[in-house]
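So the protein sequences, as listed, match chains A and B. Position 101 of the first sequence, counting from 1, maps to 101 under my numbering, and the rest follow consecutively. If you count the second sequence from 1, you need to add 1000 to reach my numbering.
No lab work stands behind these hints, which were simulated from the structure alone. Accuracy of the hints is not assured; some may be wrong.
Label-pair restraints from in silico Cβ distances [what the hints assert, rightly or not]:
1) A:Lys70 x B:Val1020: 39 to 47 Å
2) B:Ser1085 x A:Ile3: 19 to 27 Å
3) B:Lys1071 x A:Glu15: 39 to 47 Å
4) A:Ser80 x B:Gly1016: 44 to 52 Å
5) A:Asn53 x B:Pro1082: 42 to 50 Å
6) A:Lys71 x B:Gly1016: 42 to 50 Å
7) A:Ser112 x B:Gln1045: 19 to 27 Å
8) B:Lys1069 x A:Asn26: 37 to 45 Å
9) A:Thr77 x B:Leu1065: 39 to 47 Å
10) B:Asp1017 x A:Ser96: 34 to 42 Å
11) B:Glu1039 x A:Asn26: 32 to 40 Å
12) B:Thr1063 x A:Glu15: 42 to 50 Å
13) A:Glu52 x B:Glu1002: 23 to 31 Å
Each residue gets a CB set at the ideal place from its N, CA and C atoms; glycine is no exception.
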Amino acid sequence: GGIITQTPKFLIGQEGQKLTLKCQQNFNHDTMYWYRQDSGKGLRLIYYSITENDLQKGDLSEGYDASREKKSSFSLTVTSAQKNEMAVFLCASSISSRRQNTLYFGAGTRLSVL
Amino acid sequence: GEQVEQRPPHLSVREGDSAVITCTYTDPNSYYFFWYKQEPGASLQLLMKVFSSTEINEGQGFTVLLNKKDKRLSLNLTAAHPGDSAAYFCAVMTGANTGKLTFGHGTILRVHP
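Put together the whole structure using the sequences plus the hints.
Next up, the structure:
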């Protein structure tokens, strides 16, 4: 089996600050995803990447950048943190982006903005 | 695009009782369906995936029913125990070439001893 590691687990930022979240997977999966989880709102897709150096926008990409530096890692940047923002950011990976592929998730990064 | 409604948002049952969580979706072309469990502070763990037109899948202590005619997916915990307390999410996959996953808003289940 593999594992998805997200760092940091907790992130406290200041309003307007640029914040970077990191994700590593050792499944050797091609596709990686970043989701945002808000209480009572399920998961919303921010960005995904189907291979190294590829980037695809999700439903919630505004206010974020992402980078797929290599196959095993996918980072997400909050370009300007919003005051009182609180959310969990979940990284996931799958064998490919094609039909019938299961997503495996990391434990999440919990963001609080003061 | 696809919309997924999950009910109820909160569910509290006694140990040994059954617990049913239901998702309805709108896109008739959706073709792959998932249930995930998330314990506090942990990642989403895949419980089960189904894709046949009408399917009942049984896992350890739970049953998943898919009815594509009604566009309804349900998770039934047959005899809940405190270890089942968690958030549960359904997810529906659409998209002809690339699978786009739409999640329900989640159900927080509490099982009381």
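Now the hints, each set against the structure:
no. : hint                             : in the structure
1   : A:Lys70 x B:Val1020: 39 to 47 Å  : holds (44 Å)
2   : B:Ser1085 x A:Ile3: 19 to 27 Å   : holds (24 Å)
3   : B:Lys1071 x A:Glu15: 39 to 47 Å  : holds (42 Å)
4   : A:Ser80 x B:Gly1016: 44 to 52 Å  : holds (50 Å)
5   : A:Asn53 x B:Pro1082: 42 to 50 Å  : holds (46 Å)
6   : A:Lys71 x B:Gly1016: 42 to 50 Å  : holds (47 Å)
7   : A:Ser112 x B:Gln1045: 19 to 27 Å : holds (25 Å)
8   : B:Lys1069 x A:Asn26: 37 to 45 Å  : holds (41 Å)
9   : A:Thr77 x B:Leu1065: 39 to 47 Å  : holds (41 Å)
10  : B:Asp1017 x A:Ser96: 34 to 42 Å  : holds (40 Å)
11  : B:Glu1039 x A:Asn26: 32 to 40 Å  : violated (22 Å)
12  : B:Thr1063 x A:Glu15: 42 to 50 Å  : holds (47 Å)
13  : A:Glu52 x B:Glu1002: 23 to 31 Å  : holds (29 Å)
Going down the numbered hints, you'll see the structure goes against just number 11.
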